[in-house]
Amino acid sequence: MQTEIIIAGFGGQGVLFAGQLLAYAAMDEGREVTWIPSYGPEMRGGTANCTVIIADEEIGSPLVRHPAAVIAMNLPSLDKYEALIQPGGVLVVNASMVNRKPARGDLRAVMVPGNEIAEAMGDRRMTNMVLLGALLVNLPVLPVEAVERALEAHLPARHHRLLPLNFQCLRKGAEFVAETVR
Amino acid sequence: MARELLKGNEAIAEAAIRAGLQAYFGYPITPQTELLEWMAHRMPELGRAFVQAESELGAINMVYGAACTGARVMTSSSSPGISLMMEGLSYIAATEVPAVLVDVMRGGPGLGNIAPAQSDYNQMVHGGGHGDYHTIVLAPATIQEAIDLTVLAFDLAEKYRSIAVVLLDGSLGQMMEPAELPPMRPVRQTFPAWAATGAAGRERNVLTSIYLDPPKEEEANLRLLRRWQEIQANEVRFREYFMEDARFVVVGFGSAGRVALSAVRQARAEGIPVGLLRPISLSPFPTRQIAALCERAEAFLVVEMNAGQMLEDVRLAVNGKRPVEFYGRMGGVMPFPDEILGEIRRLAAGEASFEGHPRDRWLQRLTGSN
Chain A
1 MQTEIIIAGF GGQGVLFAGQ LLAYAAMDEG REVTWIPSYG PEMRGGTANC
51 TVIIADEEIG SPLVRHPAAV IAMNLPSLDK YEALIQPGGV LVVNASMVNR
101 KPARGDLRAV MVPGNEIAEA MGDRRMTNMV LLGALLVNLP VLPVEAVERA
151 LEAHLPARHH RLLPLNFQCL RKGAEFVAET VR
Chain B
1 MARELLKGNE AIAEAAIRAG LQAYFGYPIT PQTELLEWMA HRMPELGRAF
51 VQAESELGAI NMVYGAACTG ARVMTSSSSP GISLMMEGLS YIAATEVPAV
101 LVDVMRGGPG LGNIAPAQSD YNQMVHGGGH GDYHTIVLAP ATIQEAIDLT
151 VLAFDLAEKY RSIAVVLLDG SLGQMMEPAE LPPMRPVRQT FPAWAATGAA
201 GRERNVLTSI YLDPPKEEEA NLRLLRRWQE IQANEVRFRE YFMEDARFVV
251 VGFGSAGRVA LSAVRQARAE GIPVGLLRPI SLSPFPTRQI AALCERAEAF
301 LVVEMNAGQM LEDVRLAVNG KRPVEFYGRM GGVMPFPDEI LGEIRRLAAG
351 EASFEGHPRD RWLQRLTGSN
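Line by line, the protein sequences are chains A and B. Residue 121 in the working numbering sits at position 121 of the first sequence, with consecutive numbering throughout. Residue 186 in the working numbering sits at position 186 of the second sequence, with consecutive numbering throughout.
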């Protein structure tokens, strides 16, 4: 049994970090986990994604064709990954960066205005945390608290003043409950 | 025991350091560069040698020189960079000095791309450099194995005065998984008796790859060959999954092996009695173990991220006793498990064939023509 999550967006949106945070949390909870980035001649503003697999046994393929859940941080990511999610899977969309709603009726999807929320909370760079919170509340793979503990345990001490804001953004995102699209 | 979330390239670098690495020489190339970067900050802070050479040729010859002093030395690169090192590797093999090489393979031939591939199998396992020599080649499939095999590579290289290669693809280099690093071994303070350490008060040690007298060269060749026989007898490593009652056997190494594991699990869920043999030592190859499987396996499937290079070694082991099929992705493309599952279903449906070459049959299925 495994849960596969793809987080995709522009380089600079914190896509890879959000995935690493999930991986740290899974490891600290005693689970097996893989984190693999799309790597290439990429840069800020280019596309970036990572695949995180969380399981209770040795993980085989680190890549999946059909993930259980996707965080789409921008429109190209929504266009690319919506069609690939497993039926009944979870789609978290950064509503701030897309101009359409998900089209599939067999997903649990949620539109989260991540940029606006993060900005209102005081730091636009927290958009990834808002969306991660929204993922965790809708996908029964790890509790939000596990990710908070992982942040505290693995964020370098010099960044610890940012912990409360990170927690607030995760919690704010976790208020967005996904629904089946109609 | 503390598991850490580690990236493949960095895990290998730190594992080498903890195995007592004394000198690293290298040149940056994607998707291996994090390994060199890790060495660049760790080795000087530990008072050990790190040199970014002017090229891969420089790096491998620095490894050669340092290895002659009996120090624990290594280099790392990716496919095109490894090609540049081949002359040096042949000299190191001929001189019978231990060295560790890490190849984080990428798409090729030529400059290719920086995506994961396994197309250096033949180059590492069946030579590359000129002359009669063999290298030990170890292929990890997880970050933990990458760590453990890196440490083992140093021990085997020294035990057999041989080159030991850790061969992985770019995806494993870039991937993060929880793994445990070994404790820091103290750097060895003594040097082997054969090393060039200054001959004051003792007989000179001569380390060379030149034997101008052919009978002397043949003697050296025989010595290498005898040592290789010993390695073949003692250092075969592999891992088996679901093999107890398997009537069909998938063979895959490294990342292709772990993708195959997902496919084998799915096939098992469908009731297909299939198992996976994942060679860990590609050289020496688990030939006898695969040959023995012919007693009970009905057919084999070889899965690789190349055009069927290990396939030939599996065919030699099977020796025509059972049909062997092949499935590969090339150019830096990783297979998804469902592609391999489709091939396992073909095997289970009795579609494995003796006719022609497995690679030709695969191409036929892939493109409709050979």
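Among the hints, a few may not be true.
Claimed, not checked - Label pairs and their calculated CB-CB ranges:
1. E29(A) / P182(B): 52 to 60 Å
2. Y211(B) / L84(A): 57 to 65 Å
3. G342(B) / F17(A): 52 to 60 Å
4. G11(A) / T197(B): 31 to 39 Å
5. D123(A) / P109(B): 52 to 60 Å
6. E298(B) / N99(A): 36 to 44 Å
7. G110(B) / E29(A): 21 to 29 Å
8. L163(A) / E230(B): 51 to 59 Å
9. P273(B) / V177(A): 55 to 63 Å
10. L165(A) / L46(B): 31 to 39 Å
11. N234(B) / G46(A): 45 to 53 Å
12. E339(B) / G105(A): 37 to 45 Å
To be verified - Lysine to any residue pairs mimicking SDA-like chemistry, simulated, CA-CA at most 20 Å apart:
13. K159(B) / T95(B)
14. K80(A) / F336(B)
15. K216(B) / V206(B)
16. K80(A) / V333(B)
17. K101(A) / R125(A)
18. K321(B) / E298(B)
Everything labelled a hint here was simulated from the structure, so no lab data went into it. All residues carry an ideal CB built from backbone N, CA and C; glycine is no exception.
Okay, the hints, checked on the actual structure:
1. E29(A) / P182(B): 52 to 60 Å: 24 Å, violated
2. Y211(B) / L84(A): 57 to 65 Å: 60 Å, holds
3. G342(B) / F17(A): 52 to 60 Å: Hint violated: Cβ distance 36 Å, outside 52 to 60 Å.
4. G11(A) / T197(B): 31 to 39 Å: 50 Å, violated
5. D123(A) / P109(B): 52 to 60 Å: Distance hint for D123(A), P109(B) is violated at roughly 47 Å.
6. E298(B) / N99(A): 36 to 44 Å: 55 Å, violated
7. G110(B) / E29(A): 21 to 29 Å: Cβ of G110(B) to Cβ of E29(A): about 45 Å, so the range 21 to 29 Å is violated.
8. L163(A) / E230(B): 51 to 59 Å: Because 57 Å falls inside the window, the suggested range holds.
9. P273(B) / V177(A): 55 to 63 Å: 44 Å, violated
10. L165(A) / L46(B): 31 to 39 Å: At roughly 37 Å between Cβ atoms, L46(B) and L165(A) fall inside 31 to 39 Å, so the hint holds.
11. N234(B) / G46(A): 45 to 53 Å: 49 Å, holds
12. E339(B) / G105(A): 37 to 45 Å: 28 Å, violated
13. K159(B) / T95(B): Within the cut-off at roughly 15 Å; holds.
14. K80(A) / F336(B): 17 Å, holds
15. K216(B) / V206(B): Holds, because 14 Å separates the two Cα atoms, which is no more than 20 Å.
16. K80(A) / V333(B): Holds, at about 18 Å.
17. K101(A) / R125(A): 23 Å, violated
18. K321(B) / E298(B): 9 Å, holds
In summary, the structure is inconsistent with hints 1, 3, 4, 5, 6, 7, 9, 12, 17 from the numbered list given earlier, while agreeing with the others.
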